[in-house]
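One letter stands for each residue in the lines below.
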Amino acid sequence: MAGTVIGEGLTIEGDISGDEEIVIHGNLRGRLTTSDAVTVGGTAVVGADITGASLSVAGQVTGDVTASERVDIQAGGKLVGDIKAARFTIADGASFKGNVDMEL
Amino acid sequence: MAESSVIGAGTIVSGHVRGDGSLEILGRVEGDVNVTGNVVIGASGRVRGSVSGAELTIAGHVQGDLRGTLAVLLESGARVAGDISSPRVGIAPGALARGHVQTDGEPAAVARPASAAARPAAAVARPDALRDLRRAAPAPAAPARLAPVAPARVAPARPNPPIQPSVAKVPARAETRAETRPEPRKPDAAKPAVAPPPAAAPPEPEFVPVRPLKVEPRRPPPPVVPVLGKGVKAKKKKSHD
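These protein sequences, in sequence, are chains A and B. Quick note: the first sequence, position 53, residue 52 per numbering that gives the first Met the number 0, numbers continuous. Quick note: the second sequence, position 168, residue 167 per numbering that gives the first Met the number 0, numbers continuous.
Hint data in this document are derived by calculation from the structure and do not stem from the laboratory. For each residue, glycine too, the CB sits at the ideal point set by N, CA and C. Incorrect hints may appear among the rest.
[Unchecked claim] Residues from chain A shown here face chain B by an in silico Cβ test under 7 Å; the list is partial: (1) 5; (2) 19; (3) 41; (4) 48.
Bound-form chain A, shown alone:
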């Protein structure tokens, strides 16, 4: 079970930090920092720099991403920003714009 879930319809303006999994279906503007996985659902709109162990994007993300393990952009997902991650995948049908740094 995910530690934190931002449901659809919910908006957070500010910083989120923690040490557990975070799932976002709603809106987030600010910054997101966790030591665990981050999942951005299909309905989510995120305008935030994201730092986490891993990131899975099915919705929209605008911001720089730093992941200690991996970043996956799912089909239908959209990511605009620079990515720093050891592993990085872009599914067919996903959109992405930004720099990639896989030198971790």
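Assemble the complex: chain A is given as a structure, and chain B must be docked to it using the hints.
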């Protein structure tokens, strides 16, 4: 939409949280929370900021105002420093609250209105109370309303001579009139008691009974403060000296 959200125990949110749906806070929120659904703040939850939602259930700590459109329930272990306002407020034993509590909205939702929302309760109670009063002491109010009966009851109580003569001795009227000058006044005093109820009855039946009682105190109130001539105090002082 109505999807529920959770802020986990290991998560800190510094900023505002708002939107639809319900929210469970097990971690920390430093900022205002404003949702349309229910809010549950678990025992590990810490909020520094105002929280508003439909039904707030608090078991953690909140430093800020709580506003529940339906209810605010503080469970055992809750600590709230801030104002609480909701139609229903519940504070369980073991919960700490510091601040202003207001139970607004529907009056008889909880038994608490007696203290917090005293007015609605009193408004409801008033008609009955006054009915009882009238039953107990019918002399001033009730007879005044029942016009034909009134003179019979009122008269013996106050000026004995005026009415009996007026009924029995017709020729003596001149005298009685002179004496009964106060008597016509009494009907006058009673009439307003009779008149206002029908006038006021249609809009606010609750306040009708209040009028007859208010009529009595309308007479010049007894002076509360003894009237002292100018300089009396000074004289007294001087006399003491």
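Violated hints - listed by number, lowest first: 3, 4
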